Every structure is written in C-alpha cells, then in structure tokens.
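The sequence shown begins at 1 in the numbering used here and counts up one residue at a time.
Derived from the structure by calculation, the hints contain no laboratory data.
One should not assume that every hint holds.
Stated by the list, open to error - Below, simulated DSS-like cross-link-like pairs (lysine-lysine); rule was C-alpha separation at most 25 Å, straight line:
id: 1; residue 1: 40; residue 2: 73
id: 2; residue 1: 89; residue 2: 102
id: 3; residue 1: 75; residue 2: 63
id: 4; residue 1: 82; residue 2: 63
id: 5; residue 1: 39; residue 2: 75
id: 6; residue 1: 13; residue 2: 82
id: 7; residue 1: 102; residue 2: 75
id: 8; residue 1: 40; residue 2: 82
id: 9; residue 1: 82; residue 2: 28
id: 10; residue 1: 75; residue 2: 89
id: 11; residue 1: 63; residue 2: 89
id: 12; residue 1: 102; residue 2: 40
id: 13; residue 1: 89; residue 2: 73
id: 14; residue 1: 73; residue 2: 13
id: 15; residue 1: 82; residue 2: 39
id: 16; residue 1: 63; residue 2: 73
id: 17; residue 1: 40; residue 2: 75
id: 18; residue 1: 13; residue 2: 63
What the hints assert, rightly or not - Estimated spans, in silico, between C-beta atoms of each pair:
id: 19; residue 1: 100; residue 2: 49; range: 16 to 22 Å
id: 20; residue 1: 53; residue 2: 103; range: 19 to 25 Å
id: 21; residue 1: 50; residue 2: 73; range: 34 to 40 Å
id: 22; residue 1: 15; residue 2: 100; range: 26 to 32 Å
id: 23; residue 1: 28; residue 2: 101; range: 16 to 22 Å
id: 24; residue 1: 27; residue 2: 55; range: 17 to 23 Å
id: 25; residue 1: 37; residue 2: 95; range: 18 to 24 Å
id: 26; residue 1: 99; residue 2: 52; range: 30 to 36 Å
id: 27; residue 1: 27; residue 2: 91; range: 31 to 37 Å
id: 28; residue 1: 36; residue 2: 84; range: 15 to 21 Å
id: 29; residue 1: 37; residue 2: 102; range: 17 to 23 Å
id: 30; residue 1: 49; residue 2: 102; range: 32 to 38 Å
Predicted model, so just to flag it, every value in this text is computed and none were measured.
Yeah, the Cβ is synthetic: ideal placement off N, Cα and C, and Gly gets one too.
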Amino acid sequence: MNVSLILEKMEIKDNTFARQFETLVDGKLVSVEYSFQEKKIFLTRINVPDGFSNEEFLNEFLKNIMEIAYERKLKVVPILPKIALFFRKNTTYRDLLPPGIKI
Numbered sequence: 001m002n003v004s005l006i007l008e009k010m011e012i013k014d015n016t017f018a019r020q021f022e023t024l025v026d027g028k029l030v031s032v033e034y035s036f037q038e039k040k041i042f043l044t045r046i047n048v049p050d051g052f053s054n055e056e057f058l059n060e061f062l063k064n065i066m067e068i069a070y071e072r073k074l075k076v077v078p079i080l081p082k083i084a085l086f087f088r089k090n091t092t093y094r095d096l097l098p099p100g101i102k103i
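Turn these sequences into a full structure, and let the hints steer you where they fit.
Listed below in structure tokens is the structure:
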C-alpha cells in the first residue's frame with residue numbers, strides 16, 4: 001500500500017540510540033518513542049514541546065511513521081490511547097496491526 005502520495009513528506013530521523021522517531025516543528029523537537037520485539041514496533045510515548053497542541057501535525061507525523069513501518073515490513077503495536085485513536089480514525093493503516101489486536 002502506498003499512501004505517501006497523499007502525505008505531506010516531512011523529514012523524520014530514526015534516532016536508534018534514543019529509540020525514537022524525531023522531527024522538528026518550528027525548530028522544536030517532536031518525537032515518538034518506540035521499542036522493538038521480533039518484527040513488531042511498539043509505539044510507547046509521544047513527546048511534544050510545552051504548549052504544543054497541533055493535532056493535525058501529530059496525525060501527519062504518525063502517518064509518516066506508518067509508512068516507515070510499511071517499508072520495513074513491521075507490525076505496529078499502539079501502546080498509547082492517542083495512537084490507538086489514530087488507528088480508529090485512519091482505518092487504512094489497520095493492516096499494520098499484529099493479529100489479535102483489535103482497535
């Protein structure tokens with residue numbers, strides 16, 4: 001599945017040392033922490049600057065992370081309620097969920 005045509009491409013750094021995907025918004029760091037287990041990536045935390053409330057930006061950031069998961073053939077395990085909500089709203093990414101995980 002290639003949804004990248006509808007995505008706004010943002011520069012995302014996979015900081016493997018800190019185990020997080022990072023991008024900048026207005027010069028400030030936004031990140032999503034992860035951990036790996038087998039062929040699954042567990043999205044464990046979202047870090048945003050104080051006062052940051054741009055849900056649309058976060059949604060685009062998560063979509064870009066889902067594209068990375070597709071490219072790396074990973075299943076995504078949403079640990080945070082906010083990421084589970086992302087899957088509920090963006091049903092095109094549900095095939096990234098491992099078997100047995102219902103959102």
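Taking the hints in turn, this is what the structure says about them:
1. Restraint check for residue 40 and residue 73: satisfied, since their Cα atoms lie roughly 9 Å apart, inside the 25 Å limit.
2. A C-alpha spacing of about 13 Å is found between residue 89 and residue 102, which places the hinted pair at or below 25 Å, so the restraint holds.
3. A C-alpha spacing of about 14 Å is found between residue 75 and residue 63, which places the hinted pair at or below 25 Å, so the restraint holds.
4. The hinted pair formed by residue 82 and residue 63 meets the criterion: a straight-line CA distance of about 13 Å does not exceed 25 Å.
5. Distance check on the hinted pair: residue 39 and residue 75 sit about 6 Å apart at the alpha-carbon level, within 25 Å; holds.
6. About 21 Å separates the Cα atoms of residue 13 and residue 82, which keeps this hinted pair within 25 Å; it holds.
7. This hinted pair checks out: residue 102 and residue 75 have alpha carbons roughly 13 Å apart, not beyond 25 Å.
8. A C-alpha spacing of about 18 Å is found between residue 40 and residue 82, which places the hinted pair at or below 25 Å, so the restraint holds.
9. Distance restraint check for residue 82 and residue 28: the Cα-Cα separation of roughly 21 Å lies within the 25 Å cut-off, and the hinted pair is therefore satisfied.
10. A hinted pair counts as satisfied when its Cα atoms are at most 25 Å apart, and residue 75 with residue 89 qualifies at roughly 18 Å.
11. Distance restraint check for residue 63 and residue 89: the Cα-Cα separation of roughly 11 Å lies within the 25 Å cut-off, and the hinted pair is therefore satisfied.
12. Distance restraint check for residue 102 and residue 40: the Cα-Cα separation of roughly 15 Å lies within the 25 Å cut-off, and the hinted pair is therefore satisfied.
13. This hinted pair checks out: residue 89 and residue 73 have alpha carbons roughly 22 Å apart, not beyond 25 Å.
14. With a CA separation close to 18 Å, the supplied pair residue 73 and residue 13 stays within the 25 Å bound.
15. Between the alpha carbons of residue 82 and residue 39 the distance comes to roughly 22 Å, so the proposed pair stays at or under 25 Å and holds.
16. A hinted pair counts as satisfied when its Cα atoms are at most 25 Å apart, and residue 63 with residue 73 qualifies at roughly 15 Å.
17. For a cut-off of 25 Å, the pair hint linking residue 40 to residue 75 stands: about 5 Å separates their Cα positions.
18. The hinted pair formed by residue 13 and residue 63 meets the criterion: a straight-line CA distance of about 14 Å does not exceed 25 Å.
19. Residue 100 and residue 49 have their C-beta atoms about 35 Å apart, which leaves the hinted 16 to 22 Å range violated.
20. At about 24 Å, the beta-carbon gap between residue 53 and residue 103 stays in the expected band of 19 to 25 Å.
21. Judged by the Cβ atoms, the range 34 to 40 Å given for residue 50 and residue 73 holds: they are separated by roughly 36 Å.
22. Separation of residue 15 from residue 100 is about 30 Å and conforms to the stated range, judged on CB atoms against 26 to 32 Å.
23. In this structure the hint that residue 28 and residue 101 lie 16 to 22 Å apart at CB is violated, the actual value being about 32 Å.
24. With their beta carbons about 20 Å apart, residue 27 and residue 55 fall inside the hinted range of 17 to 23 Å.
25. For the hinted restraint 18 to 24 Å between residue 37 and residue 95, the CB-CB distance of approximately 19 Å keeps it satisfied.
26. Look at residue 99 against residue 52: about 34 Å separates their beta carbons, and that is inside 30 to 36 Å.
27. Residue 27 and residue 91 have their C-beta atoms about 34 Å apart, which keeps the hinted 31 to 37 Å range intact.
28. Range check, residue 36 to residue 84: Cβ separation about 19 Å, and the 15 to 21 Å hint holds.
29. For residue 37 and residue 102, the Cβ-Cβ distance of about 19 Å falls inside the hinted range of 17 to 23 Å, so the restraint holds.
30. Distance hint check: the CB atoms of residue 49 and residue 102 are about 33 Å apart, consistent with the given range 32 to 38 Å.
Violated hints for the displayed structure, listed by number in ascending order: 19 and 23.
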